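Student: These are the residues of each chain, in order.
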Amino acid sequence: MLAEKRRQYAAMNDQASKTRPTIPRPQGFSTRAIHAGARPDPTTGARAQPIYQTTSFVFEDSESAAAYFNLQEYGNTYSRIMNPTVAAFEERLANLEGGAGSVAFASGLAAQAALFVTILEPGDHVIASSALYGGTVTQLKHLFRKLSVELTFVNPDDINAWKAAAKPNTKAFFAETIGNPGGNVLDIEAVAAVAHEVGAPLIIDNTFATAFLCRPFEFGADVVVYSATKFIGGHGTSLGGAVVDKGNFNWSNGRFPVIANASPAYHGLKFHETFGTYGLLMKLRTETLRDLGAALSPFNAFLLALGVETLPLRMKQHVANAQQIADWLAKHPRVGRVSYPGLAASPYAPLVAKYLPKGPGAIFCFDLQGGREAGVRFIAALELFSHLANVGDAKSLVIHPATTTHRQLSDTELAAAGIGPGTIRLSIGLEDSGDLIADLEQALEASR
Amino acid sequence: MTLDLRPYQDTLKIRAALACQRIAVVGLSSNVLRASHFVGYYLLRHGFDVVPVNPREKEVFGRISYPDLASIPGGVDLVDVFREPSAVPGIATDAAKISAKAMWLQYDVISPEGIAIADAAGMNVIVDRCIKIEHARWFGRMHVLGFNTEVISAKRQRL
Chain V
1 MLAEKRRQYA
11 AMNDQASKTR
21 PTIPRPQGFS
31 TRAIHAGARP
41 DPTTGARAQP
51 IYQTTSFVFE
61 DSESAAAYFN
71 LQEYGNTYSR
81 IMNPTVAAFE
91 ERLANLEGGA
101 GSVAFASGLA
111 AQAALFVTIL
121 EPGDHVIASS
131 ALYGGTVTQL
141 KHLFRKLSVE
151 LTFVNPDDIN
161 AWKAAAKPNT
171 KAFFAETIGN
181 PGGNVLDIEA
191 VAAVAHEVGA
201 PLIIDNTFAT
211 AFLCRPFEFG
221 ADVVVYSATK
231 FIGGHGTSLG
241 GAVVDKGNFN
251 WSNGRFPVIA
261 NASPAYHGLK
271 FHETFGTYGL
281 LMKLRTETLR
291 DLGAALSPFN
301 AFLLALGVET
311 LPLRMKQHVA
321 NAQQIADWLA
331 KHPRVGRVSY
341 PGLAASPYAP
351 LVAKYLPKGP
361 GAIFCFDLQG
371 GREAGVRFIA
381 ALELFSHLAN
391 VGDAKSLVIH
401 PATTTHRQLS
411 DTELAAAGIG
421 PGTIRLSIGL
431 EDSGDLIADL
441 EQALEASR
Chain W
1 MTLDLRPYQD
11 TLKIRAALAC
21 QRIAVVGLSS
31 NVLRASHFVG
41 YYLLRHGFDV
51 VPVNPREKEV
61 FGRISYPDLA
71 SIPGGVDLVD
81 VFREPSAVPG
91 IATDAAKISA
101 KAMWLQYDVI
111 SPEGIAIADA
121 AGMNVIVDRC
131 IKIEHARWFG
141 RMHVLGFNTE
151 VISAKRQRL
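Just so you know, the protein sequences line up as chains V and W, in that order. When we follow our numbering, the leftmost residue of the first sequence carries the number 1, and every step to the right adds one. When we follow our numbering, the leftmost residue of the second sequence carries the number 1, and every step to the right adds one.
There's no promise every hint is true.
[To be verified] Part of the chain V face toward chain W, derived, beta carbon under 10 Å:
#1 Thr-31
#2 Ser-62
#3 Glu-63
#4 Asn-76
#5 Pro-84
#6 Ala-87
#7 Phe-89
#8 Ala-100
#9 Ala-242
#10 Leu-269
By construction, these hints were calculated from the structure, which means they are not laboratory data. The structure presented is a predicted model; accordingly, all values stated were derived computationally and were not measured. Backbone N, C-alpha and C define an ideal beta-carbon position, used for all residues, glycine too.
Just need the whole structure built from these sequences, with the hints factored in.
Tutor: Spelled out as structure tokens, the structure:
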């Protein structure tokens, strides 16, 4: 490198070391939701996150280019692998979750698939909760079959079922903080202990809770995955997903040669030994994201990161509305079971108190009397709730899982996920709760 | 009782340690796939005067590799250690002899005895942290790969 460049860097080091350091006190969640990952742009001073809508980045010189590709220096090369707008979103998510870092993907399912492809090899075994989002169940069943990975579904509420399913080739435990749509609340600490006993990581899909309501890392989880499409973005505008790594799982425990050993896909690099805490994240980004190509677009990253700025405010309102509506539904004569774990009578009340003290999200189900036909009439009569296949929007949403999101599942699988023929799933938005209750009331009447 | 490492991971002490010019990297390997090589390369690129210390190497990055700290002409400001913990007390003693101002122990290089020696000599001691990551966090570009730098600032950043 040119001596001039070196002198320049040396002067910068000297100057930087003399400047007042950032306040070393740990800042609150709301402060970090707004500021993490988004230091004002050095070039323009833009205060909002600039959208770097570019495929690629011009190198300073050949040596810098080589250093970036060799992972010897942190730098931008190509937006399929990294992008400054996407990085701002990734850092914000990682910061709120308490992780070492994160890698964003084009969707939540892309993030999950990328994580599994990174840590698993043919012949490995995964234990997953049976109460998962239907799209995840389908992904695990069929993707794993094609990759020759064994899969066992267990009742997430039964800690002995997790223990009993463990085998010598078990390489991951997977569950949702709050099951979709059954509302199962996972005993994260207990399942993490079982996973660690066999030297496998516990991977948690935290989409329904978000880091505002629950931070699984604080209870022993190792990796968190997100569909950022839901509460993270919060407005139903943009698809996106992410893997957040806590950074302290020991991938060199002898059970993950795919991460610990020299990688043929990156000229013999040993990711865990070389990058330590950041080993999984580096491999996920520089190999899996590079090869699968499911990159998050800068524009989506901008919208998702903007959404996170109001995450604390929104989640408080989502939870408050959901609690009121669930309480009201539970007393309604035309309504059977209401699966909201925030109800006083919920079997999950002790787990909610431990893991979700600010409230168990805003997505839940209830059983309508009259089964399938009543369900169809109910949805047709709603005026404020939008009938669509998404959750975690500012707008209230409704769906009939048995005929839509969970359509690919057999009756047995449906029952295992806590879904009946008359089950209706609600995602409670940010409207006035009185208006939502009035809409539900007239639609329940119309469902007769 | 395990040693409380937090005093050796303090933000202000880390930033003070990084305000140096000449760094001896003990255990620096010429193998481009070793962590020490990544770190040495990065430090050199960012304007530090890197002095390789490794009896098994003749030269790294075209710079003479010294067998030990005592052999370095002119001394160094900071000693960065990539060795097994049992080697740290000897390195700390040598670092004190050449009046190094700081000793930096990389991830998992944890030696209470070595730390005590460096403390007694008045050195700024950083433990179980990576000098490359900390530099990139505070002054570099760690944020471009989505890592959690934990840096919160509303000040306009330097290019």
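Student: Now, for every hint given, state plainly whether the structure supports it.
Tutor: Hints versus structure:
1. Thr-31: Holds, because the Cβ-Cβ distance from Thr-31/V to chain W comes to roughly 7 Å (cut-off 10 Å).
2. Ser-62: Not OK, violated: Ser-62/V not within 10 Å of chain W, min 13 Å.
3. Glu-63: With a closest approach of 8 Å, the Glu-63/V hint holds.
4. Asn-76: holds, 6 Å
5. Pro-84: holds, 6 Å
6. Ala-87: OK, holds: Ala-87/V within 10 Å of chain W, min 5 Å.
7. Phe-89: Holds, because the Cβ-Cβ distance from Phe-89/V to chain W comes to roughly 8 Å (cut-off 10 Å).
8. Ala-100: holds, 6 Å
9. Ala-242: holds, 9 Å
10. Leu-269: Where the cut-off is 10 Å and the nearest Cβ of chain W is about 6 Å from Leu-269/V, the hint holds.
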